[in-house]
Structures are given as C-alpha cells and as structure tokens.
Amino acid sequence: MTTVTMPQLGESVTEGTILAWLKKPGDPVLLDDPLCEIETEKVTAELPSPFEGVMGEILVPEGETVNVGEPLCTVLESAVEAGAPPRAAGATAGGGWSGGPMAIPPDEAPVPAPNGAGAAVPRAAGPVVPRAAGPVVPRPARPAATSPESRERYYSPAVMRLATEHGVDLSAIKGTGVGGRVTRKDVEARLAQGTTVAAPAAAGAPVPRAAGARYDVVQLSATRRTIAENLKRSNLEAPQAWTMVEADVTPLVRLRERDRAEFQRREGVDLTLLPYFAVAVCETLREFPMLNARWEGEELRRYNAVDLGIAVAAETGLVVPVIHDAGDLNLAGMARRIADIVDRARQRKLRIEDIEGGTFTVNNTGSFGSIASKPIVNYPQVGIVTMERVVKRAVVVAGDAIAVRSMVNLCLSFDHRAMDGLEAGGFLAALKQRMETLGA
Amino acid sequence: MAQVTVIEAIRSALDEEMAADDRVFILGEDVEAGGVFRVTEGLAAKYPGRLIDSPLAESSIIGITIGAAHYGLRPVAEIQFADFIHAGFDHMASEASRWCYRTKGDAFLPMVVRTPWGGGVHGGQHHSQSIEAYYTHLPGIKVVAPSFPSDYRSLLKAAIADPNPVLFLEHKRTYRLIKQEAGEPGETVIGRSRVTRKGSDLTIFAYGLMLHESLAAADELAAEGTECTVVDLLTLQPLDVETVLEAAKATGKVLVVHEDTLTGGFGGEIAALIAEHAFEYLDAPIRRVCGPDIPAMPFHHNMESFFMPDRTKIAAAARDLAAY
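As they're listed, the protein sequences go chains Y and D.
Under our numbering, the residues of the first sequence are numbered 1 to 440, in order.
Under our numbering, the residues of the second sequence are numbered 441 to 764, in order.
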C-alpha cells in the first residue's frame, strides 16, 4: 500500500484543494490513471496514480484544502491486498466496495420496508373512507438490489441553517441519511471535527443567502484570489503609463483571408489575426528589449528570449499561459502553439511550466469587441499590449483621399519604472509599422 | 413503597380535595356506588351527600355542573365514557368555554369534567373514542391528558383548584395498567409538558396510553442505537409551546403519536406549530402515527389492533425517521 500525498504544483504553491475524486475506493487503477483533480492557486491538475493497483482509502474529502505533502489517499498494490475477490474482466459495475469477499455491497444489503412492520397508519380501504390518499403515503417500494434514489443534494432546513451559520461546505460531507442525504447529525459531526471552512471550488459560487439578506457573499476560488492579488500588486507597485496607436491592417486582413483555408488544411488550426500579432510583437521586442523584462526584487532583468504570455479568458477566470521561446516561432508554429495553449487553459489542463516565467504579455481584447482598453501590466513583467477589434473606417489616405480601411488600435501599458515613453513609444510605433506592412 | 395505579391516584386527589373544600362535590352516573371503573369507590361513605348520581343524560350533567359552578360550588362531573360527552357539547362549547371571556373576567366557572377516554379495552364503537380534538378547538376549555399516576393526582388537584373549566381526560386502558411508586411528585401546573426521555435522534410527542407505547418504542430503538426524546404533553390546551418547540428543535425529526383519527387530530396542531416556528430546525418531514380515518374503533381484537397505534408501529415510523 502506498499513500499518495499532495504534490507541490508549482514554485510558491503550498496547498491544494481536492476538486473531485475520479476514482472510488476499490476501483482498479492503471499507472498514471488520474486519481483526483487538484486546484491550486495557479493550476488545476490531475493527480496520477503512482502504479497499477486498486484505489484504497480516500483521506481528504472533495472541497477540502490541504498542505503540500499531506496524505490524500492510498493505492493498493493489487486486488489481493484490497481484500477483494479477483475481478472478472468487465465486471466493474458496482465496484467500490472493499469490505472483503463476503461483504454485501451496501446497495444489496437488506433494506427495511419503507414503513416498517405495518404502515404506521394503515391506509383504510373500504367504502367508509372516501379519501383518495391514505394518511401516510408509503414511499414507492424499491427493488432490493438497487440503491435508494440519491438524496445527496436534498438539504433539510436544519442542514441549510447549520451550513449557513458555520460556513460548512455541504458538498464535502458524506451523508448518512436515506439516499446519502446529509443529516443534521452529519453536519454536527463535521463541526465537531472542526474542519469546517474549505470553500467550494467553483469561482463565484455564492454561498446560500441568509434569510432577508440583500447580497450574496461570493466564495473566491484559489484562482480568483491569485488574480486579485497579482492585479492589486501590479497596480500598487508599478506606476503604469498607457499609450495607443492605430494601425491600418487592410493588407493583413486580406492576407489572412487569402491564406485562411489553405492554412486550416495544412496546419489543422484556424488562422486568426492573433498569431500574426504575436509574431510581430516578438520581432518588435527584439528591437526594443527593454520591454521584454521582469522585476526580480529590486533587480530588473532583461531577457533575450521572448516567453510570451497570452491572456486567456477561461470560465474559471483569467489565466495567462506562456509560450516559451515564442521569438523562435514562425506564423504556423505560433498559431499552433496559441491554439493548443488556449484550448488547454479553457479545459484547465495547463501544466505548471505553462504558466511560469513570462517576459511580456499580449491580450486579444478585440475578441470582446473592444476598440480601446487599458490593460494592467502582468507583474513582475513590465509591459502588456492589446490588439483591439479590427473595424472598417473611413480614413484619410495618401493624396488626401478618403478610403475605407481596416483599422485596429494597439494599446500598451508599461511600467514607467522600467522605461520611459521613448522606448515604449518606439516599441508601439515599430509594432504598428510591422502590422501595417504584413501582406502589403 | 406501595405501587399506585392511575385509579388510585385519581381517587386520592378527589378525596383530598373533598376533604379540604366542602364546596367540592361529584356528579355523574353511578358515582355514589363507585362508578363503572370504581374511581369514586368509598368516597360516598366518607362524604355523605356529596356524590350525586345523575340520570343517564350527559347534557344535564354538564348543564348542572355549569350551574353549580356559577353558584359558587366546585363541581367535578364524571362522564362515564368520553364517547357519551357529545350530548353535552353545546353546554361546553357555547357556555362553559366562554363564561370568563363573556364577562370580561368578572366571573369564572370553576368546574371539572372527568371522563375516561381511549381504546384498547375492546370497548367497541361506543366506549373507545378519543375526544380531545373537539375540545382543544375551544379556547376557554383547558384539556388535560396525563399519563402517569402522579400526574393524574397532582393535575386533577390543579384542575379542581382552577377557576375555569377543565376537561380532565383519563385513559381507561391505563387505569389499572400503569403503576407508579406512591409519593412520586407529579406535574402541578396545567399547561406544562414534560420531556420524559431524552435522545438526540428524534422527538416523539404523545399523551395518554400512547405516551407509554412511545416510551416502549423508544426502549426498543435504544437497543438498536437510536435515541428518542419523548415528550409527555400532559396538557393539550393550553399547550406548552416552549417545551414543544425546544424538543422539536433539539433533534429536527418529529413524530407525533395519538390514537385519535389522523385528520383534524391534535397531532396536526403540533405539526403546524413546529413547521411555523421551528422550520429552520427541521431535518425531516414531520411524521404522524395516528388512528386511521375510520368512523369508530372496531370491537374485534384484530380490528382494534389494526386501528390502534402501538409500540411496533411507533418504532417502525421512528426507525424510518431516524434513517431519513
């Protein structure tokens, strides 16, 4: 038997929250089979099984947060160790009972008759009783071999009150009532253990509203708290300046339209404007390396390689995965990497290395329809640039003619401690230049 | 010490009150000879002229009782079986219950109507009824329904001392069945309930014979590891709301037991009270174990058993509730 502990998922990560157990005690597991999902302030990861065997005991309920190194569950070497009879191939249904060969699975244990011996109030049959329904309606009889209907999410007033008063996460309690219902006594037992808090994982999940309350208290997920902390720090520490240019990307739009179908066929990903922009940013950063930098304490480090952060709006919150060595990528490579990393960010499948060490960030705010925005520098980086929505506008072109052009605004926020307007303005002008010449 | 039956407890209360106050007298059918249940046995010899045999006319018994109370006496009427009291209902509902109210508290009606109620003695349709719900619906009539001899004794004394009408219900099955050490202190205040047994899993409310059946069921469940609180209501009107709510809140699971028929029975009032004032403490639907909605208790043993709630039925419901 091996005890699996909370791994360190990232540099300064000290704790993690069990989001969901993916295996039940008694389930067979293969090497690297995911045992559970863990959320830390940085990533959500699946915990792989250390070897092939049988899932043992779950030591930390869902929703609970524990420190790195604390035991989470046990994995048994084999079915023999688990005390279970050898499992016939395919006989997986109903697994999850490790009580020994003779143990009766709980679902098949004799279930007392719904109303016990003789209904408490027998339904009176006969002409003298006109009432359609008997005084006490017996529960529908259930077949002995199946479990009672699940009532794991049926919360009685008493349970709701206790949970609200003490901030108990009910989903983390295994109910002992009928159908797995969480009873008052279950909540009280949990309170007696003193392990109450453990906020539920979903970002923005409101706790039950107290009677008469005019607001809901939003439970902050680890991700949300980290975003809040980082943005606050950035705003408090870095004096941020903002500037914007507009670029005529009419040729680029045409180029993209021309190559899009072929690109899709050849590379297997949709060609958007973002990879063009990302490549242009990387090239421009090489020209203006002052923007490709990070603070490390008092030290400002200028990086040679561009590790480009891409802001992704995932359902669970903003995440900025990093494309390492983005400066080495051509358009196709950039498109593929962006597609991959955005996809994994939205599915919460990012690895630790995917979110660490960015040197500069781009944000495709145009995808929200925005035409101008003021991004906040992704601390400890010193610059962030947005590409706004491409819109057709009537503009004055060479020869004082008015033409319909595809225009885009590029907005830069930068940490004024690290540079002055000279560098920032130069960077933005050069970026504009690149965007305008693409396809021209 | 000697064991006291319910009958002996009631008799001793009557005896003491008659000795202490010569305004107290007893009116009813065959009471001079001791009554059909022998409650008043021996009192006629001790208090000559103060046990008055009435005609077989309950309306007249209660009417005379009201008149005597008006007159300043302390009448204790005996209705031979609770089933017979209906003939006097008009006097109880329209006169007795309102006198204090009608005179804005200027006048009182210090009267007691004692009557044996309930089934379990093969009394059939006319000797087994539960009548409490008719009278708990009359503000102005106090309804007392004890379960233990000591409470019968002390509450009957309190009823006789009370300046307003009291309907004193004596469960006939418990008359000689339930015994207690003599000298046990009983409840002396009308309007108080008592937690007879404490347990954390569920709360049972009962009175009369059903209180004893509930206690037996609680013993049965305790052997299985389920602990019941059992509340002896003692007085149904005015109800001890505080004790009822406290006991309900303590476990969040409530079982109300009475042998009266379910619909419109007193259990509905308990359930409503708890739902109204202790909703946030409820951990399960309130359950009732009551007589079925059948016009009267049948005579045949099997049929009577079918009708009457008992420890087995109570334990089954309690088990179900505990597991909920």
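If you are wondering where the hints come from, they were derived from the structure by calculation, not from laboratory data.
Treat the hints with care, as some may be off.
[Said to hold, decoys possible] Listed below are the simulated DSSO-like cross-link pairs for lysine-lysine, each with C-alpha atoms no more than 30 Å apart in a straight line:
1. Y:185 x D:689
2. Y:24 x Y:185
3. D:544 x Y:174
4. Y:185 x D:638
Hints, verified against the model:
{"no.": "1", "hint": "Y:185 x D:689", "in the structure": "holds (13 Å)"}
{"no.": "2", "hint": "Y:24 x Y:185", "in the structure": "holds (24 Å)"}
{"no.": "3", "hint": "D:544 x Y:174", "in the structure": "violated (59 Å)"}
{"no.": "4", "hint": "Y:185 x D:638", "in the structure": "holds (16 Å)"}
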